[in-house]
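J.: Chain residues, written in single-letter form:
There are 2 protein chains.
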Amino acid sequence: MSASPIYLGVIGVGGVGTAFLQQLARLPNAPQLVVLARSSQTLLAPTPAYSPAIPAADWATASATPSLTKSGALQAEEIATYLAAAPGRAILVDNTSDISLARQYPTFLKKGISVVTPNKKGFSDDLSLWKDIFASAAEGKALVYHESTVGAGLPVLSTLKDLVATGDEVTRIEGVFSGTLSFLFNTFAPASGSSDAQWSAVVAQAKELGYTEPDPRDDLNGMDVARKLTILARIAGLEVSRPDSFPIESLIPAELESLPSSADGITQFMTRLPEFDAQMANIKDTAEKQGKVVRYVGSIDVAAKAVKVGLQYFDKDSAIAGLKGSDNIISFYTKRYGANPLIVQGAGAGGDVTAMGVSADLIKAVERLR
Amino acid sequence: MSASPIYLGVIGVGGVGTAFLQQLARLPNAPQLVVLARSSQTLLAPTPAYSPAIPAADWATASATPSLTKSGALQAEEIATYLAAAPGRAILVDNTSDISLARQYPTFLKKGISVVTPNKKGFSDDLSLWKDIFASAAEGKALVYHESTVGAGLPVLSTLKDLVATGDEVTRIEGVFSGTLSFLFNTFAPASGSSDAQWSAVVAQAKELGYTEPDPRDDLNGMDVARKLTILARIAGLEVSRPDSFPIESLIPAELESLPSSADGITQFMTRLPEFDAQMANIKDTAEKQGKVVRYVGSIDVAAKAVKVGLQYFDKDSAIAGLKGSDNIISFYTKRYGANPLIVQGAGAGGDVTAMGVSADLIKAVERLR
Numbered sequence: 001m002s003a004s005p006i007y008l009g010v011i012g013v014g015g016v017g018t019a020f021l022q023q024l025a026r027l028p029n030a031p032q033l034v035v036l037a038r039s040s041q042t043l044l045a046p047t048p049a050y051s052p053a054i055p056a057a058d059w060a061t062a063s064a065t066p067s068l069t070k071s072g073a074l075q076a077e078e079i080a081t082y083l084a085a086a087p088g089r090a091i092l093v094d095n096t097s098d099i100s101l102a103r104q105y106p107t108f109l110k111k112g113i114s115v116v117t118p119n120k121k122g123f124s125d126d127l128s129l130w131k132d133i134f135a136s137a138a139e140g141k142a143l144v145y146h147e148s149t150v151g152a153g154l155p156v157l158s159t160l161k162d163l164v165a166t167g168d169e170v171t172r173i174e175g176v177f178s179g180t181l182s183f184l185f186n187t188f189a190p191a192s193g194s195s196d197a198q199w200s201a202v203v204a205q206a207k208e209l210g211y212t213e214p215d216p217r218d219d220l221n222g223m224d225v226a227r228k229l230t231i232l233a234r235i236a237g238l239e240v241s242r243p244d245s246f247p248i249e250s251l252i253p254a255e256l257e258s259l260p261s262s263a264d265g266i267t268q269f270m271t272r273l274p275e276f277d278a279q280m281a282n283i284k285d286t287a288e289k290q291g292k293v294v295r296y297v298g299s300i301d302v303a304a305k306a307v308k309v310g311l312q313y314f315d316k317d318s319a320i321a322g323l324k325g326s327d328n329i330i331s332f333y334t335k336r337y338g339a340n341p342l343i344v345q346g347a348g349a350g351g352d353v354t355a356m357g358v359s360a361d362l363i364k365a366v367e368r369l370r
Numbered sequence: 001m002s003a004s005p006i007y008l009g010v011i012g013v014g015g016v017g018t019a020f021l022q023q024l025a026r027l028p029n030a031p032q033l034v035v036l037a038r039s040s041q042t043l044l045a046p047t048p049a050y051s052p053a054i055p056a057a058d059w060a061t062a063s064a065t066p067s068l069t070k071s072g073a074l075q076a077e078e079i080a081t082y083l084a085a086a087p088g089r090a091i092l093v094d095n096t097s098d099i100s101l102a103r104q105y106p107t108f109l110k111k112g113i114s115v116v117t118p119n120k121k122g123f124s125d126d127l128s129l130w131k132d133i134f135a136s137a138a139e140g141k142a143l144v145y146h147e148s149t150v151g152a153g154l155p156v157l158s159t160l161k162d163l164v165a166t167g168d169e170v171t172r173i174e175g176v177f178s179g180t181l182s183f184l185f186n187t188f189a190p191a192s193g194s195s196d197a198q199w200s201a202v203v204a205q206a207k208e209l210g211y212t213e214p215d216p217r218d219d220l221n222g223m224d225v226a227r228k229l230t231i232l233a234r235i236a237g238l239e240v241s242r243p244d245s246f247p248i249e250s251l252i253p254a255e256l257e258s259l260p261s262s263a264d265g266i267t268q269f270m271t272r273l274p275e276f277d278a279q280m281a282n283i284k285d286t287a288e289k290q291g292k293v294v295r296y297v298g299s300i301d302v303a304a305k306a307v308k309v310g311l312q313y314f315d316k317d318s319a320i321a322g323l324k325g326s327d328n329i330i331s332f333y334t335k336r337y338g339a340n341p342l343i344v345q346g347a348g349a350g351g352d353v354t355a356m357g358v359s360a361d362l363i364k365a366v367e368r369l370r
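Protein chains in written order, with UniProt numbering: chain A, 1 to 370; chain B, 1 to 370.
Hints were generated in silico from the structure; no laboratory data involved.
Note that the structure is predicted; figures quoted are calculated from it, not measured.
Identical chains blur together in the list; that is why a pair holds if it fits in one copy or across any two.
With a straight-line cut-off of 30 Å between C-alpha atoms, the simulated DSSO-like cross-links for lysine-lysine are:
no.: 1; residue 1: Lys207; residue 2: Lys121
no.: 2; residue 1: Lys292; residue 2: Lys324
no.: 3; residue 1: Lys207; residue 2: Lys335
no.: 4; residue 1: Lys121; residue 2: Lys305
no.: 5; residue 1: Lys161; residue 2: Lys324
no.: 6; residue 1: Lys131; residue 2: Lys335
no.: 7; residue 1: Lys324; residue 2: Lys308
Just need the whole structure built from these sequences, with the hints factored in.
T.: As structure tokens, then:
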């Protein structure tokens, strides 16, 4: 409750990282930024005072500040040692999507440094890493917040954690967890009105609009959704061993799976995708004949311990069918909520809303550490 | 972070209070229950040790425990003095809907006792009380959590607070905030299929099912919704002076407004309500002719500083029109979220889900105080 200073290290200044720094600069009573790192460069507030702090602005402004110690890339261990020696509690904000940094969370946590991050890699990899992260947090009396790993700034993990912590029985979680796949199916097979766009044309349009990863196969393979489901299932109490340890329906045609991951491979993939338009049209028509639409969803049946990711048909007046744009929707079915689920819906991707989840987590961590 | 003991006083053992005590009994690392009070009786853990604590079970079990100090109703001031003298931080959980107890929150807060409550009265009354509550919390370094005052256990206030705290610009909040009115209109004018039930018959059915207050006029007058809007508007930054300082459309026909509030008055009201069925049918038909349905909603236009509560028409494929049962839906339109709002939906009333919001708030308060 007292205003003891908190020291902050931030790694990553991409889209989310840049938006986060802008939000940080406007937070009242923000912690002191003492580390700011990007892939090849690191800024540090001078020791032993850890003062003056780094201005929370964009990278260019921060790195032009005199008085800072500058170096090339530091090892995670070095950053942890620096933060642990600060004259107060410390927090690491990891705004990268780097699995190797995530593997170092236990190093930070054991030293008492809390971790706040939208990086889903660490929480959705081997179950042993998940366990190590939370055991290390307990050992170091440090906090872990990762709201933005699922649904960006939407209150998804906090809601699930509240349900579990207060003793509700979560029976089923279902939803659309990828903004990219939401856009693709809302456009390809809208619930109201109709579209005669071919599947490959919709994918090409999404790629042009920047809605897909640079390689659209990174969205179409379903792994991003599978990683989010892994995190939700673990919070709901299921010991999911890996993000590929359950059925994942890939939207990459089997015939194109062997194309290389190079730029040339991307071009070949996009060129050959129209060959499979008839397949997707067939799936859409089958749904249509049942008065339904097809959507790419993830679901967790907690009692059956079954997690799956793939195509499913939905009634046209269902909430999932009615999604707009690239929105996510997540439905929690629980004993207390009964037949109608608790639903959270809205933009689940984008720099600003992802950074918002990180900033809100940071505020909560600071409130608990002060 | 250390496990210093926290002392808990709970007032109210009605529907929400009883469900809360059941949840409290199952919380790991729960605070020590040292006060349990209902309207005419109070149980206290013996001083000066504040130990043994009161078992968190139902009232009957708790009150049959030997070793406790029992008395009649205590003044709020006396309970505050007792809690403030406990050998650790203290929290008051107010599970009543009592405005007079809510007026005493500043007394508790100034003594450093945090307040957790689903009681919306204190936060939706005069703006001066709202200001006094938060100024007193700051003075006493105490916390205030009241998630369940809007939408019960749904993450409504926490989401709005996160949006505001991280610097998003909330432009508009709109939704169905009353489970009772949700049920009435979803039944009277369903978005899919049709109903030829008369309005008065639907109200009578809801009353029989226990979905309305004992006096249905307490739902139909719109004041419950107006109080929730007042709370949301204040968190969004609007200085709403009173819950009746903006337009509220009452569903009590003007001709019946003078009926007494007695049991006899309720009977007269229900008997005469069918006289107005043609009026409501007319509203429903007008909506129908536009391809729409009528719903009872609240809305806040932040820029225009306009709050209003009443009937409005919605497209049949809109999320509000598609609500089921007695669900609530709350849409937040913000600068970051753009054209599609952040939506929270689900049961917004009932003992278990309301108590869940209280328990989740209690966990957060305890995490910060330890």
